[in-house]
Amino acid sequence: AQSVTQLGSHVSVSEGALVLLRCNYSSSVPPYLFWYVQYPNQGLQLLLKYTTGATLVKGINGFEAEFKKSETSFHLTKPSAHMSDAAEYFCAVTPDTGRRALTFGSGTRLQVQP
Amino acid sequence: NAGVMQNPRHLVRRRGQEARLRCSPMKGHSHVYWYRQLPEEGLKFMVYLQKENIIDESGMPKERFSAEFPKEGPSILRIQQVVRGDSAAYFCASSPRTDPGDRREQYFGPGTRLTVT
Chain A
357 AQSVTQLGSH
367 VSVSEGALVL
377 LRCNYSSSVP
387 PYLFWYVQYP
397 NQGLQLLLKY
407 TTGATLVKGI
417 NGFEAEFKKS
427 ETSFHLTKPS
437 AHMSDAAEYF
447 CAVTPDTGRR
457 ALTFGSGTRL
467 QVQP
Chain B
386 NAGVMQNPRH
396 LVRRRGQEAR
406 LRCSPMKGHS
416 HVYWYRQLPE
426 EGLKFMVYLQ
436 KENIIDESGM
446 PKERFSAEFP
456 KEGPSILRIQ
466 QVVRGDSAAY
476 FCASSPRTDP
486 GDRREQYFGP
496 GTRLTVT
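Chains as they are written, first to last, in the working numbering: chain A, 357 to 470; chain B, 386 to 502.
Quick caveat, the hints were computed from the structure, so don't treat them as lab data.
None of the values given here were measured: they were computed from a predicted structure.
Treat the hints loosely; a few may be bogus.
[As the list claims (entries may be wrong)] Cross-link-like lysine-lysine pairs, in silico, PhoX-like; alpha carbons within 25 angstroms at most:
#	chain 1	residue 1	chain 2	residue 2
1	B	Lys429	A	Lys405
2	B	Lys429	B	Lys447
3	B	Lys412	A	Lys405
4	B	Lys412	B	Lys456
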């Protein structure tokens, strides 16, 4: 069984400030990890993913995340927030097995203040 | 290359009616996944299909819900005798049959927002 916990359902930052969205997972097998972004009334867009290899993953729009196996974490960061980053962010996991269904966290809504 | 298409985007049904949600995967993709998003919650997996086969339906409610992905045409998620609790956004995602490097990427459609009155 696997699960994803996103700490903080709402995060507010000032424009230009660091963005840190937290994600912890539990998985009985090595996981594949993803961050998706959802803008209002739209579908999900893949920001970045970790499968194997380098633990620091760079994604689109200046976001990156680091896979830390010892902490079972995959936190999402961006050095400088932009107003256009305001959206809902979801962390997701799928096991490194044949099963392909994604298990999502409950999401974190990011607000960016001017 | 068109993305994942879903229609309708919005659907209103009265209690007891049937809802049919359609999903056309990206060109070249033969795997389809359905997820449900209840208000203020994350997405929950429902079912995973390949052409003419249901691979994993562990997230599907046991009654009133069914899904298919025929050889020709879109994937259909069907909800019979809808109830207010079925009101949600239903998202479809697709992935290719062969996934170089096994990246497990799923590409999401814009969703169908079902409202049951």
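Now for the hints, and whether the structure bears them out:
Between Lys429 of chain B and Lys405 of chain A the CA atoms are separated by roughly 19 angstroms; this keeps the pair inside 25 angstroms, and the hint holds. Distance restraint check for Lys429 of chain B and Lys447 of chain B: the Cα-Cα separation of roughly 15 angstroms lies within the 25 angstroms cut-off, and the hinted pair is therefore satisfied. With a CA separation close to 22 angstroms, the supplied pair Lys412 of chain B and Lys405 of chain A stays within the 25 angstroms bound. Of the supplied pair hints, the one linking Lys412 of chain B and Lys456 of chain B holds, its CA atoms being roughly 14 angstroms apart against a limit of 25 angstroms.
Against the hints set out earlier in the document, no violation occurs for any number.
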